[in-house]
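Participant: With chain A fixed as given, assemble chain V onto it according to the hints.
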Amino acid sequence: MPVDVRLPTVLRQHAGGQASVKANGGTVGEVFGDLLRQFPLLQGQLVTDDGGIHKFINVYRNDDDVRYLEKLDTKVSDDDVISILPAVAGG
Amino acid sequence: MLRLTDAIYTDVVAHALDGLPNEACGLIAAAPGSSKVERLYRCGNAAASSRLYELDPLDHLKADRDAEARGLEIVGVYHSHTHTDAYPSPTDVAQAPDPNWHYLVVSLKEPEPVVRSYRIVEGTIEEEPLELDRK
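Protein sequences appear in the order of chains A and V. If you count by our numbering, then the first sequence holds residues 104 to 194, one letter each, in order. If you count by our numbering, then the second sequence holds residues 195 to 329, one letter each, in order.
Honestly, the hints are just simulated from the structure, not real lab data. By construction, the Cβ of each residue, glycine as well, lies at the ideal position given by its N, Cα and C atoms. Don't take every hint at face value.
[Unchecked claim] If you only want the chain A side, here are some residues facing chain V, beta carbon under 8 Å, derived:
| id | residue |
| --- | --- |
| 1 | Pro105 |
| 2 | Thr112 |
| 3 | Val113 |
| 4 | Gly154 |
| 5 | Gly155 |
| 6 | His157 |
| 7 | Phe159 |
| 8 | Leu172 |
| 9 | Leu188 |
| 10 | Ala190 |
| 11 | Ala192 |
[Said to hold, decoys possible] Taking lysine to any residue pairs in the SDA-like style, the calculated list, with each CA pair at most 20 Å apart, reads:
| id | chain 1 | residue 1 | chain 2 | residue 2 |
| --- | --- | --- | --- | --- |
| 12 | V | Lys256 | A | Val150 |
| 13 | V | Lys256 | A | Arg109 |
| 14 | V | Lys303 | V | Ser229 |
| 15 | V | Lys256 | A | Ala122 |
| 16 | A | Lys158 | V | Asp292 |
| 17 | A | Lys125 | A | Tyr171 |
| 18 | A | Lys174 | V | Leu252 |
| 19 | A | Lys178 | A | Val150 |
| 20 | A | Lys158 | V | Pro293 |
| 21 | A | Lys174 | A | Gly194 |
| 22 | A | Lys158 | V | Val287 |
This is chain A alone, in the form it adopts within the complex (with noise of 0.2 Å):
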């Protein structure tokens, strides 16, 4: 079964315009591996070359953020959604 996976403005034109999409998976690194297979645009945006999530970014299952839980292993199951927004910082 796909999750549902909410991506934010600025990531929607590299997936069709969609502010909301599904994809399969058993973990977060699962759900963006098909992620960036339909929508390969998106590479470079969501991990990192060295296969962590990527800093402009933050990502949550449900109502919590997956750096906390169990980063790209964190399980998902299909009531989850998962969240991307963009990480926001300055000085």
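Facilitator: The following block gives chain V in isolation, referenced to the frame of chain A:
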């Protein structure tokens, strides 16, 4: 151009003052396609610093959901500069997350707070008019 009601303008400045000695930050929301800010979301500064801000990620998620439930969208971010001018710093430009956003900066350098709004697109800063809606 960005339009703020008096109440929202006052809240931005009040949050900047409340946040001292650290920088304060939050999000603004408007109806899709509108430049009139309808709602302000105070967020925590996870960096807890007088020189940097990092919008608390969970506060961001809550604000995003609340805005969506109200038919609004997040259209920008505000933050304070405790000791420098109301102009985006190199860090602000390097980390600007969305070219469609409005970037409000509140300077507390002088006794009277100064609020200015900018667009930041591909590293280029452009100030935009800030209109106060007295209604």
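Participant: Evaluate each hint against the coordinates.
Facilitator: Going through the hints against the structure:
For Pro105 of chain A, the interface hint is violated, the least distance from its beta-carbon to any beta-carbon of chain V being 21 Å, above 8 Å. With a cut of 8 Å, the hint placing Thr112 of chain A at the interface with chain V holds, because the nearest CB-to-CB distance is about 6 Å. A least Cβ separation of about 5 Å between Val113 of chain A and chain V falls short of the 8 Å threshold, and the interface hint therefore holds. Hint status for Gly154 of chain A: violated, given a least beta-carbon distance of 21 Å to chain V, over 8 Å.
Taking 8 Å as the C-beta contact cut-off toward chain V, the hint placing Gly155 of chain A at the interface is violated, the least distance being around 16 Å. The beta carbon of His157 of chain A comes no nearer than 12 Å to any beta carbon in chain V, farther than 8 Å, and the hint placing it at the interface is violated. For Phe159 of chain A, the interface hint holds, the least distance from its beta-carbon to any beta-carbon of chain V being 7 Å, beneath 8 Å. Residue-level restraint check for Leu172 of chain A is violated (minimum Cβ-Cβ distance to chain V is 13 Å; threshold 8 Å).
The closest approach between the C-beta of Leu188 of chain A and any C-beta of chain V is roughly 5 Å, which is under the 8 Å cut-off, so the hint is satisfied. Taking 8 Å as the C-beta cut-off, the interface hint given for Ala190 of chain A holds, the closest approach to chain V being about 7 Å. Evaluation of the Ala192 of chain A hint against chain V yields a held restraint, the C-beta minimum of about 4 Å falling below 8 Å. The hinted pair formed by Lys256 of chain V and Val150 of chain A fails the criterion: a straight-line CA distance of about 24 Å is larger than 20 Å.
Between Lys256 of chain V and Arg109 of chain A the CA atoms are separated by roughly 14 Å; this keeps the pair inside 20 Å, and the hint holds. A distance of roughly 27 Å separates the Cα atoms of Lys303 of chain V and Ser229 of chain V; the hinted pair therefore is violated under the 20 Å criterion. Pair hint Lys256 of chain V plus Ala122 of chain A holds up; C-alpha atoms about 17 Å apart against a cutoff of 20 Å. At roughly 15 Å between alpha-carbon atoms, Lys158 of chain A and Asp292 of chain V fall within 20 Å of each other, so this suggested pair holds.
With a C-alpha separation of about 24 Å, the suggested pair Lys125 of chain A and Tyr171 of chain A falls outside the 20 Å cut-off, and the hint is violated. Among the hinted pairs, Lys174 of chain A with Leu252 of chain V is consistent with the structure: their alpha-carbon atoms are about 15 Å apart, no more than 20 Å. A threshold of 20 Å between alpha carbons decides the hint, and for Lys178 of chain A with Val150 of chain A the separation of about 17 Å falls inside it, so the pair holds. The suggested pairing of Lys158 of chain A with Pro293 of chain V holds, with an alpha-carbon distance near 18 Å, which does not exceed 20 Å.
Only pairs whose Cα atoms come within 20 Å are accepted, and Lys174 of chain A paired with Gly194 of chain A is rejected, the gap being roughly 26 Å. Of the supplied pair hints, the one linking Lys158 of chain A and Val287 of chain V holds, its CA atoms being roughly 16 Å apart against a limit of 20 Å.
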